[in-house]
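Residue numbers (the numbering used here), protein chains in the order written: chain E, 1 to 100; chain D, 1 to 170; chain R, 1 to 499; chain V, 1 to 704.
For the record, the hints were derived by calculation from the structure and aren't laboratory data.
Note that the Cβ used here is the ideal one computed from N, Cα and C, for glycine as well.
There could be a bad hint or two in this list.
[As the list claims (entries may be wrong)] Residues from chain E shown here face chain D by an in silico Cβ test under 8 Å; the list is partial:
#1 A19
#2 L23
#3 L44
#4 F64
#5 A74
#6 Y84
#7 I90
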Amino acid sequence: MIPTHFYLALSAILFSIGALGVLVRRNALVVFMSIELMLNAANLTMVAFARQYGLQSGQIFVFFVMAVAAAEVAVGLALIVTIYRSRQTIDIDDMNRLKG
Amino acid sequence: MTFELVLFFILAAIAVATAVGMVLSKNSVYAALYLVTNFISVAIFYLLLDAPFISLAQVTVYAGAIMVLFLFVIMLLGAEKIAPELNWRDMAIPLVLAAALMVEAGLLFVQRFSQPFTASADGAAFADPMSMSVTLFVDYLLPIQVTGVLLLVAMVGAIVLSKPEKKGQA
Amino acid sequence: MNFLFEPLSLVTFFPLLGVLALLFLNSEAKPAIRWTALVSSLLTFALSLWVFFFSGQYNPASGELQLVAKYDWIQVAGWNIRYYLAADGLSILLILLTTFLTPISILSTWTAVQERVKDFMLFFLLLEVGMLGVFVAQDLFLFYIFWEFTLVPMYFLIGIWGGPNRLYAAVKFFLYTMAGSILMLLAILWIGINGGTFSVPELIAQGNIPADIQMWLFVAFTAAFAIKVPMWPLHSWLPDAHVEAPTAGSVILAGVLLKMGTYGFLRFNLPLFPQAALQAAPVIGWLAVIGILYGAAVSYSQKDVKKLVAYSSVSHLGFVMLGMFAMNEQGITGAILQMVNHGLSTGALFLLIGMIYEQTHTREIKVYGGLWKITPVFGSLMLIASLSSMGLPGLNGFVGEFTILLGAFGSAAYGSYWFAILSAIGVILAAIYILYMFQKMFLGPAGEITHHHELKDLNWREIVTLLPLLVLMFWIGLFPQPFFDLMAPAVQNLLTVLK
Amino acid sequence: MFLSETVLNPIFSLAPWIVYFPVIGLLLNIIFGGWFMKHTWGETAVGAVASLASFSAFVVAALLAVALNGQHGEAALATVAPWIHIGTLHLDWAFRVDSLSTTMMLVVSGVGTLIHIYAIGYMHEDVRFKHDIARYRRFFVFLNLFIAAMMILVSGNSYMMLFVGWEGVGLASFLLIGFWYDMDTLGRPSWANSNAAKKAFITNRVGDFGFLLAAMMMFWKFGSTDFDLVFAKVAEVSHHEPWVILWITIFLLVGVAGKSAQIPLYIWLPDAMAGPTPVSALIHAATMVTAGVYLVTRSAPIYMLSHDAQYIVATVGAVTGLFAATIAVGQYDLKKVLAYSTISQLGFMVAAVGMGAFVAGMFHLMTHAFFKALLFLSAGSVILGMERGHHHAAHHHGGHGDHHEVFDPGDMRNMGGLRKTMPVTFWLYIIGTLALAGIPPFAGFWSKDEILLDASLHFPHVYWILTAAAFLTAFYMGRQIWMVFFGAPRHEAAAHAQESPLIITLPLMALAALSVVGGFFNIPAEGFHQLGHWLMHTIGEMEIPPFSLTVAGVSTALALVAIFFSWLLYGRTPLKTGQPDPLKKPLGLLFVGMENKWFIDEAYKFAFIDRYYDLADFLAQKVDWDFWHEWFHNSVIAKGFVGLARFLADPIDLGLIDRVSHLLSDLVSASAGGLRKLQTGFVRSYALSVLLGVVAILGYLLLK
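Just chain E, same shape as in the assembly:
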């Protein structure tokens, strides 16, 4: 059996890569994908712990995270489409109207 911390380490790596993606990319779509990657990494830890402790709740939680992610993606993509329509760009550095 593969020890749990192998999975944990892997998910830490994936999560960091996702975070990196969020930080460095300006394409809103790729930023979004990176966020999905981070979610996945988190899911992986949960499933890993679920197996370690023999509990279903971890998996249940993952299920809900997936559902929420699906909802989030739907709304998020719709937002991106709307923004693209009005501003003709999906570069997140162009979306700086909140500048103080």
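Fit chains D, R and V to the supplied structure of chain E, relying on the hints for placement.
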């Protein structure tokens, strides 16, 4: 080195590689495809972790539905390429931070959770689809319903947001 | 989860389904919005009928609280707050009155409300939830939440769709009722913390509040309820609210919201503080008598017909209070029936006035006159509603007023015939102001308004709106026994608590 | 006095139908009447439905009477449904069939039916004179409503059910008095008729107030308002608490005064003549106004126990009898004279039942119903004849515009000589007059004589007052006859008046026949007294005083003298157009009083109505609005709150707290200016800071 371990490392390599590929690829269609591969490899991890239900959900929801959505949007907007985007100078701080995060998280996990593996004897039985569904639809009935409503709301929201704007309305 | 599938929860929260459905409708789709609101309120009414009469879960012969839904809710710091719904003979008629009047009010707005229809219906259905909650809640805390909750939709109903002076009226309504409620909240907290529970039946069963403290708590509760009723002299918000409120708002205000006050007295003041209630009975009785006479006299001199009816409510509600604090079977039973009666007859009057107001946009009595000839159906229905309001035997108002007067006449709590004799004068005064209104508007030569307006008689929708009210007026007037049978066991239970 | 628990004869289960029939009639006319009225036969159909409904009720009443006779007057009960049962309060919809109620039923439905038939013809013309044919149907609906309510009144088994009918007839009376609610009696646009209607209802309500109190007292003292149960306990309560009996009777008397137009509540009845004439005849002469007499008779066991109560009731009745008669002498309106005469006759009846002469009272009620209905309907016929004459005359002078001249067809000063133009009506009127004046052998003589006889035996003062009233009665009736039917026409309309058609005169003839023979129902001779024996089944055995030739002779002689006087004044030298009443000079101020109804209406208006309005106005405008609403709430509370807020705002808030807070805010804004630079608006820099935070936290966790 059992077969499982070998499989794990191969898959881990694929997962890390595809993740890096996604972050770095210039064309967002490629990025999406990398991500799909990554998701599928994670799905196999789930199988290894005795979570067949989640694994399948991963494939259908993430690799299937969500990514298709991404691809649609990419195609729709024609936004495959945004040039020039990446430059190493800007990436310096993020890279350092990401590396720090990776190290810290890894250390934390190893430090806190490196007890011996204690999976229950019945192995896969605790999370077979049957018992999962029972749990989901009995103990978690309300959350399931709420999630359904959430999805409905998201759907309505998505429709409203992406509706063509009427003239004279902001 | 199960708490939602209790019969009373279903009834109470059913209008929320309508609210949900409304949220999905385009605010320009007015007919669809109206139909959705109407159908959901009608379904609520059907559901309430089913729960009480056809589900077999409610036994009208029993005086106990039934259809109990009791769940722990907030159990922090020794506070024992429950989600506790139940109904008995004291509340069943008021629950049915609420579910009955709501679709009627919605129907009355069909053409009268044209602006922000969706918001209007949303608030209306939310108001119904609040009112139903007030009548089914058996936990003081839960009751308080519903009680305050009703203020919000009503505030908006008056404040957005009201007359020219609506903001003043809405704010006054809100502040006035709020002020009374604060005292009640303090009393509720005292009781809940000292008694170890907020559940009314348990508190009644304990029945160990010392007499001197009872009086303080009684006064605190009275502050909230007396303002809502409204008892003389706390009625000052009522004419403003009624005059400014849209028709449907007036109907619900008079029909149900005021009853929340009298119901509060009945459900909480009497059984929780029996000694204090007995001591206070003559005081409340005198206030009620003054209210009856004062309301009737003041009504007579009004120039605005809606104001006239509003002040007549002060008089009618005085009867309810008089009957309740007579503390005998006739008085209390009559008081409960009179709550329903007032909802029916005053509701019908407001509906009718609203219908003519829609055409003429004035409520000044003196510009009308001779309408019976021009609009015969309207006049005839108005006559029946007026007669019901002034207590003509054979119509509902009489049954209530007579039983109340009878109760007050022989009441041991009052111990004097004067209460009944003086308030019986109110019956004469009622005839004076009601006939004055009917004469000045419907009899006599054709009034000024007929020169400017081509007045139309009621259409079918308006007749259908009124018909259920009229049927009930005759039903209660001629054969009220089924209604009495519904409440008799609960009233007897209440009386045993009082003894 | 005895009640059979089980209905012996199945006929008694028909009792509710005396109410159902008129209700069916009115429903039919409400539902189908509109359709009827679209046809030429519509009016007849509407009238026929209503009359048939009333007649069916009469048939049922007759059947009940026969069945009752079959079981020797033993009362029967038909319970339909429970009404109000709360605790010990048990009120049922229960119909009581005994000799008293059947007598009333027969009178009501019998006279009622005749008047329904008369109204078919009368209203046909009336709605045309008033230009609103659509209202024809409404009249018969209201008329049937009245019959239904009156039947409930007379057949209810408890005081409360009686009260339902009691208020019900009040409503019908209101609706019918205000039938031409948009005009006055002369057809001009006015509030007059509706005012009269309102006055009647409100005055009646005052009476109802007394009734209600009596009923409530009965319930708490006797435990019920059912007649039998009340009477069963009367003696006991009277023994322990005699004041209860007195107060109940006084409260009841208030009710009687309201409904039967006794002092001090009689004022509505003369105004009630605003209603169409059949209404005046049916409601305000024959039936409804006698409800008070019925009530006292019904309550005989209570009244018999209190001599004080009897004394009060008898005196009130007698004084009313005389008082109203004096006013009748000074009236010029045909119907007004009859109205005051009705009040006066009601005074006779109330005095009779007050004295305990229940049989005499009921007897007079019955005969009065016949001859007063006859008089009113004949008066209606006269008025219609005058209207026709007026139209005829106007038609002939077409274009001169005198069609619009205000013409009062009911004013006796416009009449004269109608004997020739309206012969049938004249003879019918004569019969009615003789009956009312108490000339033997007409009906009125027998009943009035019985009352006077009783009074002379028990309450001498009542006897003297009533005898005076009887004298005046004969006088003003004679005055009326001379003024209306004799002499020369004082107005064109009278000259051209036309006789009424058969549908109007036929019911009159029936009533005239009853007025002639009505007295034989209760001939004061050994072995007769049928009505008396019949009623005694219900009110208990009563002493029947022997016929006294003195009393009868005196009253007859006085009546004849009075008629002779009236001939001297009005018959010998007929009134000329515009000539003042010949009584005016000799009586002086006294006659001014009679003419103006002793200014009682004005006095009431000044003493009660205006005062109440002032009070209401004061309460509403000054107390409730200016003081309580505007001053206390808006000025004291609201402005006070605003003032307090200002005080807190100006010196305290601005002076003290604001300075501190300004200091704080300056500080904040200075630091915010620096921090603002951090707000780049770039999502990625925010994400960077988040990540920074995460790294920091994780670092802390690692090192901890």
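These are the hints, each one checked on the structure:
1. With its C-beta approaching chain D no nearer than about 5 Å, A19/E sits inside the 8 Å limit, and its interface hint holds.
2. At about 4 Å, the closest approach between the beta carbon of L23/E and any beta carbon in chain D falls short of 8 Å, and the interface hint on this residue holds.
3. Taken as an interface hint, L44/E checks out: its beta carbon lies about 6 Å from the nearest beta carbon of chain D, inside 8 Å.
4. Taken as an interface hint, F64/E checks out: its beta carbon lies about 6 Å from the nearest beta carbon of chain D, inside 8 Å.
5. Hint on A74/E holds. Least Cβ distance to chain D is approximately 4 Å, under the 8 Å limit.
6. Interface restraint check: Y84/E against chain D, minimum CB-CB distance 5 Å, threshold 8 Å, status holds.
7. The beta carbon of I90/E comes within 5 Å of a beta carbon in chain D, closer than 8 Å, and the hint placing it at the interface holds.
No hint from the list above goes unmet by this structure.
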